[in-house]
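Asks: Okay, here's what each chain looks like letter by letter:
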Amino acid sequence: MKLGVVTGVVWASKKVKELDGCRMYILQPVSVDGNKTDPPLVAADPKNIASGGDTVVYVTSTDAAQAFDSGFAPVNASIVALVDEIS
Amino acid sequence: MFLARVVNKVTSSEKHCAYNGKIVYVVQPVLPDGTAEGSEWIAIDYVGAGIGDIVVCGGAPGVAKSVFNLDMAPIRTLIMAIVDKVDYRDI
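For the record, the sequence lines run as chains U and F.
For the first sequence, the working numbering gives the first residue as 1, with consecutive numbering after it.
For the second sequence, the working numbering gives the first residue as 101, with consecutive numbering after it.
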């Protein structure tokens with residue numbers, strides 16, 4: 001899992017049915033002090049945790065599909081937590 | 101998952117049976133502002149994308165096996181959404 005900042009939203013009317021009703025955000029992976037670490041990626045937000053500008057925790061690879069209630073979606077990045085504070 | 105632009109189509113007569121009947125595209129990953137970034141990927145179309153579309157690609161290991169409900173599916177990258185609009189603000 002990594003830290004990321006929500007820097008954008010992807011609007012797509014035509015998509016796989018598992019992603020219906022699920023928002024897709026553009027995440028900029030960051031380090032604890034806010035510096036960019038990797039190129040931006042697209043992450044699903046099945047639990048409606050995030051909104052623009054938030055710092056979040058996201059999970060990648062097969063575990064990303066576990067964030068969906070159905071336990072299955074053809075995704076490899078999902079937002080799983082909203083960061084309130086890093087101390 | 102990553103944003104990409106569909107650039108070419110790949111047609112092949114000799115292939116693994118999991119690829120039968122599937123449309124195979126060459127996609128160029130792009131940054132949210134549209135500039136190309138990184139090397140091209142080969143992706144299986146799943147939502148009816150066309151050449152020139154901006155799409156969302158990706159997929160975790162073993163996902164294609166359940167998406168296409170095949171017993172064996174050596175497929176990793178799927179095109180799973182056709183992007184209508186991207187709102188983006190760099191930080």
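A portion of the hints provided could be inaccurate.
In the SDA-like style, the derived pairs of lysine to any residue whose C-alpha atoms are separated by at most 25 Å in a straight line are [as the list claims (entries may be wrong)]:
| id | chain 1 | residue 1 | chain 2 | residue 2 |
| --- | --- | --- | --- | --- |
| 1 | F | Lys185 | F | Gly121 |
| 2 | U | Lys17 | F | Glu137 |
| 3 | U | Lys17 | F | Ser113 |
| 4 | F | Lys109 | F | Lys165 |
| 5 | F | Lys185 | U | Ser87 |
| 6 | U | Lys2 | F | Glu137 |
| 7 | F | Lys122 | F | Asp133 |
| 8 | U | Lys47 | F | Val186 |
| 9 | U | Lys14 | F | Gly162 |
| 10 | U | Lys36 | F | Tyr188 |
| 11 | F | Lys185 | U | Pro39 |
| 12 | U | Lys36 | F | Lys122 |
No lab work stands behind these hints, which were simulated from the structure alone.
Asks: Tell me the hint numbers this structure goes against, listed in increasing order.
Replies: Violated: hints 1, 2, 3, 5, 7 and 12.
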